[in-house]
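Kindly generate the complete structure, drawing on both the sequences and the hints.
Going down the list, the sequences are from chains A and B.
The numbering used here puts the first sequence at residues 1 to 100.
The numbering used here puts the second sequence at residues 1 to 100.
No farther apart than 27 Å at their CA atoms in a straight line, the calculated lysine-lysine pairs in the DSSO-like style are these: (1) A:K16 to A:K75; (2) A:K16 to A:K84; (3) B:K84 to B:K74; (4) A:K84 to A:K14; (5) A:K61 to B:K16; (6) B:K61 to A:K16; (7) B:K61 to A:K14; (8) B:K61 to B:K75; (9) A:K75 to A:K61; (10) A:K61 to B:K14; (11) B:K61 to B:K74; (12) B:K16 to B:K75.
If you only want the chain A side, here are some residues facing chain B, beta carbon under 8 Å, derived: (13) I3; (14) I19; (15) W22; (16) N39; (17) L40; (18) G43; (19) P44; (20) L51; (21) E94; (22) F96; (23) A98.
Keep in mind the hints are simulated off the structure, nothing from the lab.
We put the beta carbon where it would ideally sit given N, CA and C, even for glycine.
Protein chains: 2
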Amino acid sequence: MYIAMNRFRIALGKEKTFIQIWCDRETYLEEVPGFRSFNLLQGPTHEDHTLFASHTVWESKSAFEKWTKSDAFKKAHANASPNKDIYLGPPVFEGFEAVV
Amino acid sequence: MYIAMNRFRIALGKEKTFIQIWCDRETYLEEVPGFRSFNLLQGPTHEDHTLFASHTVWESKSAFEKWTKSDAFKKAHANASPNKDIYLGPPVFEGFEAVV
Numbered sequence: 001m002y003i004a005m006n007r008f009r010i011a012l013g014k015e016k017t018f019i020q021i022w023c024d025r026e027t028y029l030e031e032v033p034g035f036r037s038f039n040l041l042q043g044p045t046h047e048d049h050t051l052f053a054s055h056t057v058w059e060s061k062s063a064f065e066k067w068t069k070s071d072a073f074k075k076a077h078a079n080a081s082p083n084k085d086i087y088l089g090p091p092v093f094e095g096f097e098a099v100v
Numbered sequence: 001m002y003i004a005m006n007r008f009r010i011a012l013g014k015e016k017t018f019i020q021i022w023c024d025r026e027t028y029l030e031e032v033p034g035f036r037s038f039n040l041l042q043g044p045t046h047e048d049h050t051l052f053a054s055h056t057v058w059e060s061k062s063a064f065e066k067w068t069k070s071d072a073f074k075k076a077h078a079n080a081s082p083n084k085d086i087y088l089g090p091p092v093f094e095g096f097e098a099v100v
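Here is the structure:
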């Protein structure tokens, strides 16, 4: 199992806007080989931001990597949001292999 | 769904020791109401450490919180490892609610 996470620091008060972006978004993941599940996660709120993480579970790292080179990936990222004022910096990617 | 993660920064070269600690550990989670799944995840390697995360999926935040006050929790943490030299600082807890 491989878990791909992107960590987003969202300005305080913009949490609902950020969640709505993900509700409205079409990810086309259901059609992708090796895809298991997707969730948007809301984490702790700090002094100047709330942490969110996209959380996608894959059968393997190679299934994830194939997806990043696929048409489904391009389609899912074609309409990237212009709501720049809600983000404190770019997302930080972290990929995890299940070892236990 | 609620995901409880603890982030561990492990000294380079100590990755196998850290994984072995988790292989040997009895978590007693199977018996806990609201528990769904547990994995130890290995993340990216940086200049001075490798990131790991414990990743426990719960039915709800309240199920997780009940567990932290339970005998099963005390049992699971009774034999905390003395291998202090493998950790770069204490673990950092992050709890996440699935919002999408």
